[in-house]
Amino acid sequence: MTKNAITGSPAAGPRLARLSLALPASASFGSFGRAVLAVLLAFAVAAIPILMAGKNPLVAYAALIAGAFGSLDNIAFALNKSTPYILSAVGVALCFRAKIINIGSEGQIAVGGLAASYVALNAGNLPPFAAVALALCAGMLAGALWSGIAAAIRLTRGVHEVLSTLLLNFIGVLLVSAALNGSLGEPGAGFPQSPLFDESVGLPTLFPGYDLHAGLLIALAAAIVGQILLWRTRFGFRIRLLGGSQSAAAYAGVSFAGGVMGVMLLGGALAGLAGGIEVLGVHARLIEGFSQGFGFTAVAVALLAAAEPLAVIPAALFFGFLRAGALAMQRDVGMPSSLVDVIQGLSIVFVLCAMGLDNRHQRV
Amino acid sequence: MDTLFVANLLAASVRIAVPLVLGALGGLLSERAGIFAVGIEGMMLAGAFGAAVGTFIGGSVMVGLACAILGAAGIAAIVAVAVTRFRADQMVTGLAVGILSLGLTSFLIRGLFGGHAPVIRLDVLGAIAIPYLSDLPVLGSAVFRQPPLTCAAVAIVVLMHLFLHRTRAGLTLRASGENPEAVFAAGNDPVRVRQIAVIAGGAIAGLGGAVLVLQDVGTFTDGMTSGRGFLALAAVIVGRWTPFGALAACLVFGAATAIEVRLQGVDLPVSSYVIQMVPYALALLVLAGLGRGTRMPQAIGRPYNAG
Numbered sequence: 001m002t003k004n005a006i007t008g009s010p011a012a013g014p015r016l017a018r019l020s021l022a023l024p025a026s027a028s029f030g031s032f033g034r035a036v037l038a039v040l041l042a043f044a045v046a047a048i049p050i051l052m053a054g055k056n057p058l059v060a061y062a063a064l065i066a067g068a069f070g071s072l073d074n075i076a077f078a079l080n081k082s083t084p085y086i087l088s089a090v091g092v093a094l095c096f097r098a099k100i101i102n103i104g105s106e107g108q109i110a111v112g113g114l115a116a117s118y119v120a121l122n123a124g125n126l127p128p129f130a131a132v133a134l135a136l137c138a139g140m141l142a143g144a145l146w147s148g149i150a151a152a153i154r155l156t157r158g159v160h161e162v163l164s165t166l167l168l169n170f171i172g173v174l175l176v177s178a179a180l181n182g183s184l185g186e187p188g189a190g191f192p193q194s195p196l197f198d199e200s201v202g203l204p205t206l207f208p209g210y211d212l213h214a215g216l217l218i219a220l221a222a223a224i225v226g227q228i229l230l231w232r233t234r235f236g237f238r239i240r241l242l243g244g245s246q247s248a249a250a251y252a253g254v255s256f257a258g259g260v261m262g263v264m265l266l267g268g269a270l271a272g273l274a275g276g277i278e279v280l281g282v283h284a285r286l287i288e289g290f291s292q293g294f295g296f297t298a299v300a301v302a303l304l305a306a307a308e309p310l311a312v313i314p315a316a317l318f319f320g321f322l323r324a325g326a327l328a329m330q331r332d333v334g335m336p337s338s339l340v341d342v343i344q345g346l347s348i349v350f351v352l353c354a355m356g357l358d359n360r361h362q363r364v
Numbered sequence: 001m002d003t004l005f006v007a008n009l010l011a012a013s014v015r016i017a018v019p020l021v022l023g024a025l026g027g028l029l030s031e032r033a034g035i036f037a038v039g040i041e042g043m044m045l046a047g048a049f050g051a052a053v054g055t056f057i058g059g060s061v062m063v064g065l066a067c068a069i070l071g072a073a074g075i076a077a078i079v080a081v082a083v084t085r086f087r088a089d090q091m092v093t094g095l096a097v098g099i100l101s102l103g104l105t106s107f108l109i110r111g112l113f114g115g116h117a118p119v120i121r122l123d124v125l126g127a128i129a130i131p132y133l134s135d136l137p138v139l140g141s142a143v144f145r146q147p148p149l150t151c152a153a154v155a156i157v158v159l160m161h162l163f164l165h166r167t168r169a170g171l172t173l174r175a176s177g178e179n180p181e182a183v184f185a186a187g188n189d190p191v192r193v194r195q196i197a198v199i200a201g202g203a204i205a206g207l208g209g210a211v212l213v214l215q216d217v218g219t220f221t222d223g224m225t226s227g228r229g230f231l232a233l234a235a236v237i238v239g240r241w242t243p244f245g246a247l248a249a250c251l252v253f254g255a256a257t258a259i260e261v262r263l264q265g266v267d268l269p270v271s272s273y274v275i276q277m278v279p280y281a282l283a284l285l286v287l288a289g290l291g292r293g294t295r296m297p298q299a300i301g302r303p304y305n306a307g
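Protein chains in written order, with this note's numbering: chain V, 1 to 364; chain X, 1 to 307.
Possibly wrong hints are sitting among the right ones.
[To be verified] Sample of chain V residues at the chain X side, in silico, Cβ under 7 Å: (1) Gly182; (2) Leu339; (3) Val349; (4) Leu352; (5) Gly356.
Rather than coming from a laboratory, the hints here were simulated on the basis of the structure. For every residue, glycine included, the Cβ atom is placed at its ideal position computed from N, Cα and C.
Just need the whole structure built from these sequences, with the hints factored in.
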């Protein structure tokens, strides 16, 4: 009985989780080495378009590294960039474990940021801590709602989550634009953005004098909790079982619907939290397009981390520093920052190829 | 609701549907052979880039079309090799080449032309009137007076239908998506069939990107396909993996977008951004509405175990 993925039935789903399941401590160096190799290869291949554009790859990469690590300010900027990557990628990684490809982080971050902003703008009389907590909770709820829609459509109507979460991304991002051009927008700003939040409704900075906000700590905590959840709880065992073999899971009495809904809601809540942290911690207002590209980066990060929540931290830091360095590179030497997308896309392809090969070797 | 309004709406629906149709046909070919076509968005974008740069530098639309096909087929070749030789996950590979194309085209256009705003300006291809039919009232000007690539798209729909259902090679291709072991037993190599299908599908999707540049906008902008590849993918499913079904689905999405654009001119109580959501929401609703009834190629997403 071969069934297929878009109709949402068992079997023949993506083979990510099979590999990840076979990945406890002994194999973890293999996956780390694989990720490093994939990234190095991506840098090497990305030198081709740099040469095609008539530039020197070494100059470009030197500017990238200087931009990422050049000063404490740069490092703080890069750490802030990594924060939403960690949060949303932990969710994506947990979904991967259940063989669910949730590429909806972008939309979930967008609606999360929107909900958090709505609360932040209307939290006038609350004590600051309560206002921040309420805003972040609103973000989590909105994100969970957004991924919950995709999960519900998958479970009741059999529409594959890749398509539904993708379409929901477009709708979520447009919702932010609609709100900013409507009631949430700052009158006469000339750019679709909300008024600044009250200063008390912001995330505290970690070190005086640097723009590093406390969201990083929340993200690190989420990765640790995610790791414990995955490996030390019944729920984690269930989603690993679902990802490993749905027939075994069914035999063990693990509900497919419950597992899918659980990881999707969790992933959405984490992405929504990332959206809330981004608007409260970085911008102090809602800005159109603040969630651009997070969705795909989260998938890349989770893949590089081999769907291991703790390993998401270094993978997300890598992409955060890469993104920050690229922005500096564009500013300082005029090299287009879209180079990062090239490196990111290539890294994913190389990791996938390595994983696919691993799969074959395991099978033989 | 005068006839002119209806004719304009029809014409706009067709114009918007054409890139989707070509994208969907490309995706269809790949999916019928057993490979998920999530990379269509990236292939369309590479096609748009090739069409713009090729026409601008080569000075001829033909060079542009050749570059569109080459660029998109190049991206498709990455997918083909990764998913067949290396057994990479098909969905995520498709997404990855989407990011790759977005970055590569945006990087190269700045690298090649410098500055922040690329200065490619092309003349948009004019319409060709189909003799006799174009004289019909309403339908005539709306449907039977079309630019060349639109005519090509319709021709490809018919040709692909004939190819898939009336030729031996089409049968082999469909069998690779249903039961690759049987294809192997019959003396063909399913891996090769799938690679050719993905690359040919990429080339067709690349033409969809070329339509955007050569018939619609006359320039290249970053990420200009903006989700059309994914709508095309939805159209493949809604159209139940058949060329005419995909064509019909694309026309529906085209009509939804055309109506949405017209509504933006009218003073409505809802924001234009809410109206812009209509095609995506419609795609989601139609997919959900189809539900479990659809029957997709049985072996799709499953790597073939080459001996």
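May I ask you to test the interface hint for Leu339(V) with respect to chain X, counting a Cβ-Cβ separation under 7 Å as satisfied?
holds (5 Å)
Please check whether Gly356(V) passes as an interface residue: C-beta within 7 Å of a C-beta belonging to chain X.
holds (3 Å)
Grab the minimum C-beta distance from Gly182(V) to chain X and call the hint holds if it beats 7 Å, violated otherwise.
Status holds, d = 5 Å.
Restraint satisfaction for Leu352(V) [CB to CB of chain X, less than 7 Å]:
Since chain X brings a Cβ to about 4 Å from Leu352(V), closer than 7 Å, the hint holds.
Going by Cβ atoms only, is Val349(V) closer than 7 Å to chain X?
Since chain X brings a Cβ to about 5 Å from Val349(V), closer than 7 Å, the hint holds.
When held up to the earlier numbered hints, the structure conflicts with none and fits them all.
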